[in-house]
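Trainee: Next come the chains, spelled out residue by residue.
There are 2 protein chains.
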Amino acid sequence: MFVIACCVLGFFFVIMLYLGLEKEDKGTKEMVRLSSFIQQGAKTFLHEEYKSLSVFVILFTLILLYLDFRLAFSFLLGALFSAIAGNLGMRMSTSSNTKSAQAARSGLGRALKIAFSSGSIMGMTTVSLGLIGISLLYMVFGEPEVIFGYGFGASMIALFARVGGGIYTKAADIAADTVGKLERSMPEDDPRNPAVIADQVGDNVGDVAGMGSDLFESYVDAIIATMVMGAAVAGLGDFVAIPMLVSGLGILSSIIGYFFINLKLKRDVEKALDKCIYISTFLTALFSYLLTVYLGVEIEIFYAVLTGLVLGIIIGKSSEYYTSMDSKPTINIARESRAGAATNIISGLATGMESNIIPVIAIGAAMILSYNFAGIYGIGLAAIGMFAPLGTTLSIDSYGPTVDNAEGIAKMSGLKKEARKRCEVLDAVGNTTAAIGTGFAIGSAALASLALFSSYAYATRLSAISLLSPQVIVALFLGALLPFLFTSMTMRSVGKTASKMVHEARRQLKNKDILKGKKTPDYQRCIKISSDAALKEMILPGVLAIGSPLVVGILLGVEALGGLLAGTIATGLILAITLANAGGAWDNAKKYVEQGHLGGEGSFVHKSTIVGDTVGDPFKDTCGPSLDILLKLMSIIAIVFIPLFI
Amino acid sequence: MFVIACCVLGFFFVIMLYLGLEKEDKGTKEMVRLSSFIQQGAKTFLHEEYKSLSVFVILFTLILLYLDFRLAFSFLLGALFSAIAGNLGMRMSTSSNTKSAQAARSGLGRALKIAFSSGSIMGMTTVSLGLIGISLLYMVFGEPEVIFGYGFGASMIALFARVGGGIYTKAADIAADTVGKLERSMPEDDPRNPAVIADQVGDNVGDVAGMGSDLFESYVDAIIATMVMGAAVAGLGDFVAIPMLVSGLGILSSIIGYFFINLKLKRDVEKALDKCIYISTFLTALFSYLLTVYLGVEIEIFYAVLTGLVLGIIIGKSSEYYTSMDSKPTINIARESRAGAATNIISGLATGMESNIIPVIAIGAAMILSYNFAGIYGIGLAAIGMFAPLGTTLSIDSYGPTVDNAEGIAKMSGLKKEARKRCEVLDAVGNTTAAIGTGFAIGSAALASLALFSSYAYATRLSAISLLSPQVIVALFLGALLPFLFTSMTMRSVGKTASKMVHEARRQLKNKDILKGKKTPDYQRCIKISSDAALKEMILPGVLAIGSPLVVGILLGVEALGGLLAGTIATGLILAITLANAGGAWDNAKKYVEQGHLGGEGSFVHKSTIVGDTVGDPFKDTCGPSLDILLKLMSIIAIVFIPLFI
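For the protein sequence lines, the chains are A and B, in the order given. Under the numbering used here, the first residue of the first sequence carries the number 1, and numbering increases by one thereafter. Under the numbering used here, the first residue of the second sequence carries the number 1, and numbering increases by one thereafter.
Derived by calculation from the structure, the hints in this document are not laboratory data. A hint or two may mislead.
When chains are identical, the list treats them as one kind, so a pair holds in a single copy or across two.
[Claimed, not checked] Simulated crosslink set (DSSO-like; lysine-lysine; CA at most 30 Å straight-line): (1) 496 x 328; (2) 518 x 26; (3) 181 x 23; (4) 416 x 500.
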């Protein structure tokens, strides 16, 4: 009841934010017109997505009905709730962008607040919907294991939104840059560029809906897995309730944290956002401590949650160190680029690989610590701790695309220099928070998968998954192979889709009226290319993620399937961090040069850094984040389909 | 006795080849002069290497003496024999290059035969020395387990030769290209380029001594591990002898295979070499079958060996498909380069990642098959089967650097166009065999490590290495992390060393006499830079490889150490194949364009493919092959130091 109350409070908070935003000024007619293109594009994608999705959802509902109708029901609810959260988030961000741009005309603080409110609507809706779904299902079914269907439903949406969305956003980005900047020497966000709106839509599709559905899934997976482990350890009592309670308290903390964003906002946007995270984290820790005291359970429960909270901060800080513009690794990449594009690439890859040290060791240490605190249940609790302040984290992550769009609209609609500068400041921060958000999402996916892995072991009642069995070793090798194959596929998909859109944009620009800006380009055609291709290209990796645990489970058995999962989780985590941080570092190495270092814009060094940045685009926004989905989808499929393998 | 007879026969064969080569004409005075620079450079490196090595060898001999004097003795012998094989191979290849170039003046066949004979001396010395060492140690000690020291000794040499050599060769290559081709527009192999001799030396250091020591290690590791498993299964009898016997028969088969290289040599060098491999493989299979009949053991023993033989061919063919110039993936990379360097990079990486499918699935299938044939012993036998015709494989691999140098000498000493063309044909084949050789070496390292892993499990008497233990999972994560860190380090080392040499070469070229070709550049200074740096840069990755199993073993225990090894072997194999095949494919995509496709030399596409080729250089010749060492060194350290962890 308390948990549901927290969620309802979350909804009230969302409504309050929404009403606040509704009152904001949408700006000039031109701004509204541009924004409506973006909204229209987002709708096109959602429409296409739901069409394709419905086939898969119906298919799996039927299969699950055969196993257990409660699984099927949970599955449908998970898919529905995740879709609602993503839809709402994207609607908010695509409608708030003009408002934020308009507010930037008068000042920085107001523009930030609008963007952050829009992000918060997404963030809070995600966690409130995620948690209330679990609570309701638990109230109705009274058994945590069948709720895995809910996580499976969320996975299904995340697969489409994250993988498809990732392909969408980067294909559009690369096409817009290729045709606009490279071939026609247009500035960024030029309204004559036929791919420019697809690019803007892509930011929302990938970073709002994609990121949101990814974290929705991690969040609910971790809660369900920990509830199952709690039930395994101590039956249906406090231990099943604690994961939900801590998450509820996290929602409360996030709401309180929101109000601190106003307090002392001068020019330093980054610090304001950081503070917001620290406050929510601290409050979650405090509330969790009070909870353990109130329930009278072992204090170690609190320690395990605290381990996760600290872990979340460490992972974020590590991504920040490796990718932010003024840190050593990024500057080093810029320096190495003096010898050319090849050394830029080598240096970026080396940085990406190296950047695994802190998160991997931190996750390892957190696992061993939390296990020592509370056994296998403790590992789940650490994941819960990391996710508890997710409302805030996600608000900050979804703030990025809104300000990115705001900056685009400010440029395209020709706002005054001052307003545009303000938008640029907000956008620069958005880039950093995006990199941190990606790192956090990858770490979350790994932790959620580990929690799922533990409950898999419990559900199969295996006493060991031994690497001395050749089947397990072979499955481990196959598991380690999958992230590489998956990445190879998503990488190629981006390239293929981008080149289709380049052709279309080139075709349109042959029309002199469009080139001179007298006629609006047919933005919709480019949008349609991205939407169609994203959903088509997503099928092969999707089949790989869904099919491989089924094939290995059936052919090699449940023990080997455990080996497959372990191989995929370990390699997937590391490959994802490598890709995301290499991409982030390349991006900021380019920006570092653009700030005037090492020859500045247009220099040889700058050209070298552009190569790395372009390679890094699919790395950080498609391939890396898509691996999150692979890890979790495989794990949840393994759990849900255990009856097939025994 | 029979085994020792085979090895002695191998030595006689080597002496015969050597005497044959001694008679060959060394060519003009200029050719001899250039070749002597290369020989001198190789000696400089070996001298530096032995100096650094001796410290490590003495240190570990003392540590091993404390554990068991037999281990220490085996260790010393392994280090000594591996060093002799590498030294001899490099002496042969650096002295045969002029002879091959000289022979090319009269015809292709003779030039090929000289290069192949020089390669065969290396190949046959490696296998004969490797096997005779094991046989003698087994005769003296009568217990297979202490012979692991022999493998450890070989590891030590391989670490220096493969990792150090890899850094050496690519740093010199990149520096020579940067200063020569890019900055001064000199052609390849211009004698005015101060780094050109270091580059030529590097081919020998990396591809002869490095590759040789790597395979020497895999070869002896697999034999020893299988002997240990044989003893575990059936005591000290036939099962301990079979690995040695099959390897001895492999030497015999390789000698016979050599004589087939003469038969029908027209223009098709590649086919002639292929045929040689098929004949040795077929003979090994035949002899192994006769052996099982003669010994009266189960026919499944033969099947397990056969599995390995087939696996070796599959792995080679897969590398060939992904990297050869006229295959689809390579042409595809060249096509994608039309959009620029970034798409060239993305396409190459995607190809490298994808290229894991066949080898990983083939290794997995071979493991399960051979396990079904003969249990854990069968997995070892499969490795033995793969390695049995190593004499031939290694002869073909070491042939490459000789013809590469021959081509360089032909160019630098201004031989006639015809002779140079012939050298180019031989060199082109050498590039393909190098790519196949790298793939084979990686597969071998994985198989040898798996055999070591199995004997580790036996030696620790663990009943399970269970992924349900958090220590094991954390160790698995750390294990998966290590190949990425190791690669990051070797990648950076190449860059650092190359930039040092670039500075030196630039400095020398400021002297107008050198630039005009009136004065010979100071080649030795560049050689010294590579030698010193290679050995210095090798220390950190070396410490990582040696230190991490010790730290994990001591802190987390023997079971976790098993998890660490499994994580490293799985991820290391896949990352190594990715790097090697991406590098090979980039290289040949560039060559494809240079043949006149897509605009040909000097075009925009060509420039894009040069970026990929430069990135690929350290990938395929330093980072990928260095991972072989990581896998095996960690495994053998784990086995040798088990007493420390219990």
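Trainee: Measure nothing new, just compare the shortest in-copy and cross-copy C-alpha distances for residue 181 and residue 23 to 30 Å and report within, between, both or neither.
Mentor: neither (37 Å within a copy, 64 Å between copies)
Trainee: Can you give me the call for residue 496 and residue 328, within, between, both or neither, at a CA distance of at most 30 Å?
Mentor: between (35 Å within a copy, 16 Å between copies)
Trainee: Since the copies are identical, ignore which copy is meant and state whether residue 416 and residue 500 lie within 30 Å (CA to CA) inside a copy, between copies, both or neither.
Mentor: This pair counts as neither: shortest intra-copy Cα distance 35 Å, inter-copy 49 Å.
Trainee: Under a CA distance limit of 30 Å, which applies to residue 518 and residue 26: within one copy, between copies, both, or neither?
Mentor: within (25 Å within a copy, 75 Å between copies)
Violated hints, listed in ascending order, are 3, 4; each of the other numbered hints is respected by the structure.
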